[in-house]
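Just so you know, the sequences run in chain order L and S. My numbering puts the first residue of the first sequence at 20, with every later residue one more than the last. My numbering puts the first residue of the second sequence at 1365, with every later residue one more than the last.
There could be a bad hint or two in this list.
As the list claims (entries may be wrong) - If you want the footprint, here are the derived chain L segments under chain S, 3+ residues with CB under 8 Å:
#1 60-73
#2 202-209
Unchecked claim - Taking CB as the label site, the calculated pair distances span:
#3 P1446/S with A37/L: 28 to 38 Å
#4 A1461/S with K90/L: 22 to 32 Å
#5 H1380/S with A37/L: 21 to 31 Å
#6 D35/L with H1380/S: 46 to 56 Å
#7 A89/L with N1465/S: 36 to 46 Å
#8 G38/L with R1417/S: 17 to 27 Å
#9 S41/L with A1452/S: 14 to 24 Å
#10 R1417/S with R71/L: 51 to 61 Å
#11 H1380/S with G216/L: 48 to 58 Å
#12 G38/L with H1380/S: 45 to 55 Å
Worth flagging that the hints you see were computed from the coordinates, not collected in a lab. Just so we're clear, the structure is a prediction, and the values are computed from it rather than from any experiment. Cβ atoms here follow ideal geometry from the backbone N, Cα and C, with glycine treated the same way.
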Amino acid sequence: MELVAERQQEQSGPEDLAGVLSAARAGEDWAWREIIRRFGRRVFALAKSRCRSNDVADEITQSVFATLAAKIGSGGYSEVGRFESWLFRIAMNRIRDEVRRSHRQAVAADPEIFEGRSDPAPGPGASVELGAPADLGALARAIERLQEADREIIDLRHRAGMSFKDMSELLNEPLGTLLARHHRALRKLRAILESEGASPGEEVTE
Amino acid sequence: MTMHEARSGGHEMNSHIEDAGLIELSGRLDDLGRAERGGAPAGLEDRLLSCVRGAEAPQLRYIDAPAPPLVRAGPALRRWMPLPMAAALAVAATIGAVWLNNRNSQPATSRMELAALTLEQDVNQWLSLPDVIGQELDAELAALDAEASRLSAKSDESANGLESLIEEGAL
């Protein structure tokens, strides 16, 4: 149940978010801290999934939030109720620009996160017992072998922590199509893991 | 609430997945994402806040600054608009005339030279005309003068004859 609290803390309702955004537009410091707390690490994780280094992901995240502040401060944000999809659209564009610029291939796993650490640095409030770090590393490497369309769904859903509804708005696709894509991507990922000989989970059998 | 529902945060179920293995895999992907979010470098939030403040600052300064005066094309400006337009038209017409002149420069020069030559000949003819007229006039005047002398002499003879007749008649 602590995970539920974590997600609810990360993703408060749109009414609450509207108030935070209104205060941020007025330049309230606490509001910006709240926006950063909710979305900063999620944008970072998405950027990190496409870039090799922490530094690049850090720079992309900073760039995204600088754009966010400029647009909100100037009244450029008008998509009321779609803030999250708007934010991640900015993030995706920045990430694509960076990948295109540096010709980096999408490599998600930074070994220092998963290997040689017994605790994979869980987020605030996360107390669930995670799988072995080596397993998470294998999972990250398997994601890299997915096709771009499948990987996009996996990254947005699990790394950026987006809801399917927000993903639907971001990618401009019907919800049903997204659910089908997610299901298909999971099956492909499981097939990759099985072909590599790593078990995707104790219950995963096909 | 199942384990998967707890992993997905409860706000949105993975109801589209029925395969237990895929549900477990989805949960492990959530764990991976959580680990990556937690693996963000220290001080990320502080750096983001600095970025936000830096991006906001120009906006706030702009709001505080007095509004710049607006420059609009008012009646005074519109009144002077025809003048530049007329000047532009004149310049364009001049450029066009020069261009047309240059375009046919060789034939025009030939025609102009021919015309000038013809005009010169005409002028020379006109200038030489008084001499011709003067010579003819002198000849005519000399002839008239001779005729006048002849008539005068004849008149004298006639008068003398008439006087003689009158005198003879009176006698």
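Violated hints, by number in ascending order, as checked against the structure = 3, 4, 6, 7, 9, 10, 11 and 12
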